[in-house]
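Asks: Here is how the chains run, residue by residue.
Protein chains: 2
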Amino acid sequence: MKQSYDETALLTQLQQTWYQTIPASQFMQVRPLSFTDQEFSVTAPLAPNVNLHQTMFAGSIYTLMTLTGWGMVWLQQQLAEIDGDIVLADAHIRYIAPIDAAPVAITTWAGADLSVLQRGKRARIPLTVELFCADKLSAVFDGVFISLPKSSA
Amino acid sequence: MKQSYDETALLTQLQQTWYQTIPASQFMQVRPLSFTDQEFSVTAPLAPNVNLHQTMFAGSIYTLMTLTGWGMVWLQQQLAEIDGDIVLADAHIRYIAPIDAAPVAITTWAGADLSVLQRGKRARIPLTVELFCADKLSAVFDGVFISLPKSSA
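If you read the protein sequences in the order shown, they are chains E and H. Residues in the first sequence are numbered from 5 upward in steps of one, following the working numbering. Residues in the second sequence are numbered from 5 upward in steps of one, following the working numbering.
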């Protein structure tokens with residue numbers, strides 16, 4: 005089935021949004037990889053994100069996974085042509101294994117109802133993000149994102 | 005009661021350890037504030053840590069609180085003259101209010117047993133970190149740190 009959106013253009017716009025508004029995302033070199041079939045993946049190189057054990061810093065792992073979840077909500081809002089200010093309310097992260105190469109964070113859209121935003125209500129979006137390093141599950145993030153209706157001018 | 009340690013020297017050494025081994029901590033300008041009476045506090049300026057709402061980015065908030073907890077374990081190991089590799093196993097964070105000025109993260113030592121490290125066993129250290137912005141509680145972090153005995157050469 006042909007996609008009804010331009011994946012490359014969307015991911016370019018998302019990365020620009022991150023880099024222009026969140027300086028830490030640019031420092032970490034966070035980069036969207038792909039967005040297809042309701043699955044969104046993101047990566048970041050190890051060099052700017054190491055800790056003193058020469059593996060990936062716990063704070064960078066969390067930030068990569070947070071941006072993956074935030075990015076998924078942003079992408080879904082773009083597809084639905086719905087506007088909303090996305091914030092993270094709550095998150096739990098479990099570190100499973102040290103990460104010694106550029107990892108891939110992956111999340112899948114479970115189908116939250118974004119149309120409430122058009123009625124001036126906030127949307128609550130729980131998302132799970134999994135982090136893989138060389139195909140090994142290395143961290144799991146469960147977050148609750150909230151999208152707030154933008155007040156009209 | 006007079007402290008039996010040099011607070012300034014310890015905090016300088018901690019900041020150097022962070023900046024030399026965790027590039028993200030230097031980019032974020034994370035800075036230890038004080039360590040007295042089992043209480044440790046850390047700050048970071050808003051500028052390198054903003055998001056697109058011009059408040060503090062969720063990933064930076066988490067990283068600041070993670071480093072506060074990690075730093076507390078490091079400080080306690082220094083005082084006890086015990087060595088150990090400190091990692092974060094698990095964490096939960098709750099965001100309470102947007103942060104629009106440099107916040108202060110504070111944690112208190114509850115007295116975990118670090119002496120197990122000297123017997124070659126890992127120490128498990130649960131820590132709560134609270135984040136205040138202009139005296140208002142803005143985020144709460146509960147993490148479980150693990151300190152691993154260093155293998156002798």
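Read the hints as simulated data drawn from the structure, not as lab findings. Just so you know, not all the hints are guaranteed correct.
Identical copies carry no separate label here, and so any pair may be met within one copy or between two of them.
Subject to a maximum C-alpha distance of 30 Å in a straight line, what follows is the list of computed DSBU-like cross-link-like pairs (lysine-lysine) [to be verified]:
1. Lys154 x Lys140
2. Lys140 x Lys125
3. Lys154 x Lys125
From a predicted model like this one, the values you see are computed outputs, not experimental measurements.
Asks: Hints first: check each against the structure and report whether it holds.
Replies: Against the structure, the hints come out as follows:
Within a single copy, Lys154 and Lys140 get their C-alpha atoms only as close as 39 Å, which misses the 30 Å cut-off; across copies the closest is 25 Å, which meets it. Taking the shortest Cα distances, Lys140 and Lys125 sit within 30 Å of each other only across copies (26 Å), while inside one copy they are farther apart (39 Å). Proximity of Lys154 and Lys125 under a CA criterion of 30 Å is satisfied intra-copy only: 10 Å inside one chain copy versus 53 Å between copies.
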